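Colleague: Sequence:
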Amino acid sequence: MAKQIKNETSSGSSSHATLIDGPVGRQLYTMALPIMFGLMALMTFNVVDTWFVAQLGEIPLAALSFAFPALMLMTSVAIGMGAGTASAVSQAMGRGDQQRVQRLTSDALMLALLISVLLTLIGYLSIEPVFGLMGASGEVLTEVTRFMQVWYLGAPMLILSLTGMGALRAIGDSRFQGRNMVAAAVLNGLLDPLLIFGLAGFPRMEIQGAAMATVLARTITLVIALFYMRLKARLLIMPSLKPGLLFAEWSIVLRVGLPAMLNNMIIPLSSAIVVSLVAQYGNTAVAGLGVATRLEPLLMIAYFALSSVMGPFCGQNLGAARPKRILKAIHVALVFCLGGGLLLALLMHLFADTLARLFSDNPEVVSVAANYLHIVSLGFGASGLVMALNSSFNGMMKPLPALLLTVLRVIVVFLPLAFLGRYLWGLQGLFVATVISNALVAIGGYFWIRQSVHQFRR
1498 MAKQIKNETS SGSSSHATLI DGPVGRQLYT MALPIMFGLM ALMTFNVVDT WFVAQLGEIP
1558 LAALSFAFPA LMLMTSVAIG MGAGTASAVS QAMGRGDQQR VQRLTSDALM LALLISVLLT
1618 LIGYLSIEPV FGLMGASGEV LTEVTRFMQV WYLGAPMLIL SLTGMGALRA IGDSRFQGRN
1678 MVAAAVLNGL LDPLLIFGLA GFPRMEIQGA AMATVLARTI TLVIALFYMR LKARLLIMPS
1738 LKPGLLFAEW SIVLRVGLPA MLNNMIIPLS SAIVVSLVAQ YGNTAVAGLG VATRLEPLLM
1798 IAYFALSSVM GPFCGQNLGA ARPKRILKAI HVALVFCLGG GLLLALLMHL FADTLARLFS
1858 DNPEVVSVAA NYLHIVSLGF GASGLVMALN SSFNGMMKPL PALLLTVLRV IVVFLPLAFL
1918 GRYLWGLQGL FVATVISNAL VAIGGYFWIR QSVHQFRR
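Per the working numbering, the very first residue in the sequence shown carries number 1498; after that it's consecutive.
Take these hints with a grain of salt, some might be off.
Cross-link-like lysine to aspartate or glutamate pairs, in silico, DMTMM-like; alpha carbons within 25 Å at most [to be verified]:
no., residue 1, residue 2
1, K1825, D1518
2, K1739, D1850
3, K1821, D1594
4, K1729, E1861
5, K1729, D1518
6, K1821, D1518
Label-pair restraints from in silico Cβ distances [to be verified]:
no., residue 1, residue 2, range
7, K1729, S1864, 21 to 27 Å
8, Q1646, P1860, 31 to 37 Å
9, L1742, L1839, 34 to 40 Å
These aren't lab readings, by the way, just hints derived from the structure by calculation. Computed from a predicted model, the values in this text were never measured in an experiment. Every residue, glycine too, gets a C-beta built ideally from N, C-alpha and C.
Build out the structure end to end from the sequences listed, making use of the hints.
Modeller: Here it is in structure tokens:
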């Protein structure tokens, strides 16, 4: 039997920690599967977004490629808030403190709202200078500006949603998140052609239509999620009105949340540098990179799902003082990531060109995208393991090792190799640098986290 939580909610319902007993592999699979389907739906429609925009021409497609690092940067803040919330809530859940679970969740959502509004204002006011520095100019700069002006309106919904989903995963509820993500993807997919091409009486918004579809889908599904968290999961209460208590709860969330934000921001910042390097080869090369980087998350979907549940799993078991289960989960992640990586590398060797041709009939665009997938897929397994290790460190309230792994991978190893590789072998050198950096950091991170867990056992 799972450990029963003694405290009860104000409505009289009781909860229990769901991840501290039972087969580890099965629990990770059961939690990750709904999220994987949700991610699959979202990422599929992200790819559909790219396909629809590609029908508008090379300029809008290149604009979407320039926008990608900025989108990932804001998403990184949302992921960081979700990670901080999941870590704090899961450990409270493992200890059996349901009232603390509610308090942390509610106060974290208030913090997410404040952060998201501030970042939206900053982002909106700095669109042209930022993308101009990245190398966008002329028609491409005009198109990326039009896209981001609409997309930023939905940023608060993104951050609030991922914060709330972090709390749900922390209590072992991943099914709703999967369903909510599928709903968002379906809404986005239905609205895309209507708003991009002006079908069925809707205005023709072109690239802005892709952004507007995303904003509307996020808004609707966020409202549904908040009702679920309040009425079904019973996670929401009135946020604290006492500044001292409120700041204390925020500090707990930000203890993991801030390093996790920085952790996730480093990658899109490096992506922006890569885009600027690729831009020197022309808009066609940037468009090819954009196709590949939109396909890459879809190919790695199982790794994203696994990493999303590793943090809550480790957090609950740390709160319940069960480090052996954490070690078992890390071993399961190692086997899964490396085995899946071999399969993905084989599939890309066979089908990368075919996938790239689905998005463009320009031979140069196809060549860049396929070349990226051929090479970078060799490191997909290592990249997935690094994501799982980062999430595990965050779940154990050890955000600095997670941050250091990313700093080592991106700044210390990847960026120097990227500049060197580009100098020696051009675009291929950039792609090879990605594989090497993922492999080196995955090896070091695996032994590091095992040592950290053994410290809890002493």
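Colleague: Evaluate each hint against the coordinates.
Modeller: Status of each hint after checking the structure:
1. K1825 with D1518: Given that 25 Å is the threshold and the Cα spacing comes to 12 Å, the pair holds.
2. K1739 with D1850: violated (58 Å)
3. K1821 with D1594: holds (22 Å)
4. K1729 with E1861: With Cα atoms ~52 Å apart, K1729 and E1861 exceed 25 Å; violated.
5. K1729 with D1518: This hinted pair holds, its Cα atoms lying about 24 Å apart.
6. K1821 with D1518: holds (11 Å)
7. K1729 with S1864: 21 to 27 Å: Since K1729 and S1864 have Cβ atoms about 50 Å apart, the given range 21 to 27 Å is violated.
8. Q1646 with P1860: 31 to 37 Å: holds (33 Å)
9. L1742 with L1839: 34 to 40 Å: violated (50 Å)
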